[in-house]
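Chain residues, written in single-letter form:
Protein chains: 2
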Amino acid sequence: MDIIKRYKIKRYEDNYIDDIEDCIVVEYLFTIYIDNEEFITLICTPTSLRSLVIGFLHSEGIIKSMNDISSIEVYDNDGYVKVNLRDRKLLDEKINQKRAITTGCGKGSIYYKALDEVSENKNNKEKDRYIDYKNIMSLINKFNNKSDIFFKTGGVHSVGISDFNEILFFEEDIGRHNALDKIIGRCLEEKIDVNNKVILTSGRITSEIILKCAKLNINHIVSRSAATDKAIELARKLNLSVIGFARNTKMNIYNE
Amino acid sequence: MDIIKRYKIKRYEDNYIDDIEDCIVVEYLFTIYIDNEEFITLICTPTSLRSLVIGFLHSEGIIKSMNDISSIEVYDNDGYVKVNLRDRKLLDEKINQKRAITTGCGKGSIYYKALDEVSENKNNKEKDRYIDYKNIMSLINKFNNKSDIFFKTGGVHSVGISDFNEILFFEEDIGRHNALDKIIGRCLEEKIDVNNKVILTSGRITSEIILKCAKLNINHIVSRSAATDKAIELARKLNLSVIGFARNTKMNIYNE
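Protein sequences appear in the order of chains C and V.
Following the working numbering, the numbering of the first sequence begins with 851 at its first residue and continues without gaps.
Following the working numbering, the numbering of the second sequence begins with 851 at its first residue and continues without gaps.
Please keep in mind that the hints were generated in silico from the structure rather than gathered at the bench.
There could be a bad hint or two in this list.
Copies of one chain are not kept apart here, so a pair can be met inside one copy or by any two copies together.
[Claimed, not checked] With a cut-off of at most 30 Å between alpha-carbon atoms, the simulated DSSO-like pairs for lysine-lysine come out as follows:
{"hint": "1", "residue 1": "K858", "residue 2": "K1087"}
{"hint": "2", "residue 1": "K984", "residue 2": "K860"}
{"hint": "3", "residue 1": "K1087", "residue 2": "K855"}
{"hint": "4", "residue 1": "K858", "residue 2": "K1100"}
{"hint": "5", "residue 1": "K855", "residue 2": "K984"}
{"hint": "6", "residue 1": "K1041", "residue 2": "K1100"}
{"hint": "7", "residue 1": "K860", "residue 2": "K914"}
{"hint": "8", "residue 1": "K984", "residue 2": "K858"}
{"hint": "9", "residue 1": "K860", "residue 2": "K1100"}
{"hint": "10", "residue 1": "K992", "residue 2": "K1100"}
{"hint": "11", "residue 1": "K996", "residue 2": "K1100"}
{"hint": "12", "residue 1": "K992", "residue 2": "K1065"}
{"hint": "13", "residue 1": "K992", "residue 2": "K1002"}
{"hint": "14", "residue 1": "K992", "residue 2": "K1041"}
{"hint": "15", "residue 1": "K858", "residue 2": "K992"}
{"hint": "16", "residue 1": "K932", "residue 2": "K858"}
{"hint": "17", "residue 1": "K1002", "residue 2": "K1100"}
{"hint": "18", "residue 1": "K984", "residue 2": "K996"}
{"hint": "19", "residue 1": "K855", "residue 2": "K1065"}
{"hint": "20", "residue 1": "K1002", "residue 2": "K1087"}
{"hint": "21", "residue 1": "K939", "residue 2": "K858"}
{"hint": "22", "residue 1": "K860", "residue 2": "K1065"}
{"hint": "23", "residue 1": "K855", "residue 2": "K1100"}
Model the full structure from these sequences, guided by the hints.
Here is the structure:
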């Protein structure tokens, strides 16, 4: 699958126009079938598609772990994936709930009931570590310099997960939600213990991003972009640490 | 309605941590009821909500003009709007079509059949003007310096429409699709002739952005961000001029 294509375009600079070849990010339509029924089409970057599907299903509350999936077959050349569930109970519940279309690049349909579920799990949870901000600064700067596709095309978001030392997984996507779902999917596939891990993201932190992380029990989120009011309030309620605008030597600590 | 809220946060810089007050962008849930049934909840910035709804319904192919709406009542303090349609035919068609969750910040559910409809309208359309790139450069720089909410919070996208001289309307939203829909809504409300107009946007140009503009018969799009491969191919097919990475003295001309 191509992730980047080369196009002949024109570049304008100071009144001159040149013919050049430029790297353009690919937009890929990827349809998820669940139990042989079409569920949704995601618009994404065609990498880590298996992780994307798993993470998406988790973020949407359709699965809680890999055990809830009986099979998953990705047909990447044909733009679809077939998922079979062991139990449709969660799916059927979700279908009957309200849908909210999201602020997110690449993903929609967060089901707001999720908030109640997450709150119940998290309310009494204790923070799993003291944050070393100097270390966070060096991590995010490492992260900010890591995106190949971004440097070539300027058209993707990145998300990584770190154990506060190394960046364990790193994913890119034209949608910031997709990139996070790819990471969530990889954590589920590889049964990563998310305690003492931090999510690093290029994208803005909205309430849906907080919810997705909280569902996986990730307690730390660092972004190089802004956070919204609802994200901050949710993070304070759920006891997640949230840092934004983390670049070079500065960052904003929205919740410790 | 507050668009920005002030929060007490901490700022880290070079190993020092200060208590500061920061401006945070508000995330607002806004539910659209059509003919007394709940249709969808948008996550948006609470400005120009009437324009947002009108633009959204147009972008989704549920209305073609203001004539298709018999009434619209915005209850902004309660987070909802009631729309009544003169004719549910388009809505019922759409509900039965496939949904694609979008790459977009703030909006989903582009119905891909839209592409065929738009193609039919546009295939033989002639370009309405010769592009003066130097003028475009000065317009986008004016546009890039216009966003108050962005300067305060760093958390919004902006979209404007221009007659190649002035920026006629300017809208901001946490979702790049919402910001465009607000502009589309205003054009419909004020019956703006979109010939010889150009859309200016801070957000990436994906195929859905092209489709939304094409549906309104807007032929020129300039962004300060990237375009995807599908956006470029669609623009070339539909004869829209598309410029990306327009900043300071440079821009990429993806389609003339």
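Results of checking the hints against the structure:
1. Proximity of K858 to K1087 under the C-alpha cut-off of 30 Å is restricted to the inter-copy arrangement: shortest distance 15 Å between copies versus 50 Å within a copy.
2. For the identical chains of this complex, K984 and K860 are inter-copy neighbours only, at 14 Å across copies versus 43 Å inside a copy, given an alpha-carbon limit of 30 Å.
3. Taking the closest pair of Cα atoms, K1087 and K855 come within 30 Å of each other only across two copies (17 Å); inside a single copy the shortest separation is 44 Å, beyond that limit.
4. Taking CA atoms no more than 30 Å apart as the test, K858 paired with K1100 passes between copies only; the shortest distance there is 17 Å, against 39 Å inside one copy.
5. For the identical chains of this complex, K855 and K984 are inter-copy neighbours only, at 28 Å across copies versus 38 Å inside a copy, given an alpha-carbon limit of 30 Å.
6. Taking CA atoms no more than 30 Å apart as the test, K1041 paired with K1100 passes in neither setting, with 33 Å inside one copy and 46 Å between copies.
7. For a Cα distance limit of 30 Å, the shortest separation of K860 from K914 qualifies neither inside one copy, at 48 Å, nor across copies, at 35 Å.
8. For the homomeric pair K984 and K858, the shortest alpha-carbon distance between copies (21 Å) is at most 30 Å, but the shortest distance inside one copy (44 Å) is not.
9. Proximity of K860 to K1100 under the C-alpha cut-off of 30 Å is restricted to the inter-copy arrangement: shortest distance 11 Å between copies versus 37 Å within a copy.
10. Within a single copy, K992 and K1100 get their C-alpha atoms as close as 14 Å, and across copies as close as 28 Å, so both meet the 30 Å cut-off.
11. For a Cα distance limit of 30 Å, the shortest separation of K996 from K1100 qualifies both inside one copy, at 19 Å, and across copies, at 25 Å.
12. In this assembly of identical chains, the alpha carbons of K992 and K1065 lie at most 30 Å apart only when taken from the same copy (26 Å versus 42 Å across copies).
13. In this assembly of identical chains, K992 and K1002 lie within 30 Å of each other by CA distance both inside one copy and across copies; the values are 17 Å within and 27 Å between.
14. For a Cα distance limit of 30 Å, the shortest separation of K992 from K1041 inside one copy, 25 Å, qualifies, whereas the shortest one across copies, 50 Å, does not.
15. Taking CA atoms no more than 30 Å apart as the test, K858 paired with K992 passes between copies only; the shortest distance there is 28 Å, against 32 Å inside one copy.
16. For the homomeric pair K932 and K858, neither the shortest alpha-carbon distance inside one copy (36 Å) nor that between copies (47 Å) is at most 30 Å.
17. Taking the closest pair of Cα atoms, K1002 and K1100 come within 30 Å of each other both inside a single copy (26 Å) and across two copies (17 Å).
18. For the homomeric pair K984 and K996, the shortest alpha-carbon distance inside one copy (19 Å) is at most 30 Å, but the shortest distance between copies (35 Å) is not.
19. Taking the shortest alpha-carbon separations for K855 and K1065, only the inter-copy value of 27 Å comes in at or below 30 Å, while the best intra-copy value is 36 Å.
20. Proximity of K1002 and K1087 under a CA criterion of 30 Å is satisfied inter-copy only: 25 Å between copies versus 39 Å inside one chain copy.
21. In this homomeric assembly, K939 and K858 never come within 30 Å of each other (Cα to Cα): the closest approach is 50 Å inside a single copy and 42 Å across copies.
22. When the C-alpha separation of K860 and K1065 is checked against a cutoff of 30 Å, the pair qualifies only between copies, where the shortest distance is 26 Å, while the shortest distance within a copy is 46 Å.
23. Taking the shortest alpha-carbon separations for K855 and K1100, only the inter-copy value of 21 Å comes in at or below 30 Å, while the best intra-copy value is 35 Å.
The structure is inconsistent with the numbered hints 6, 7, 16, 21, although it conforms to all the rest.
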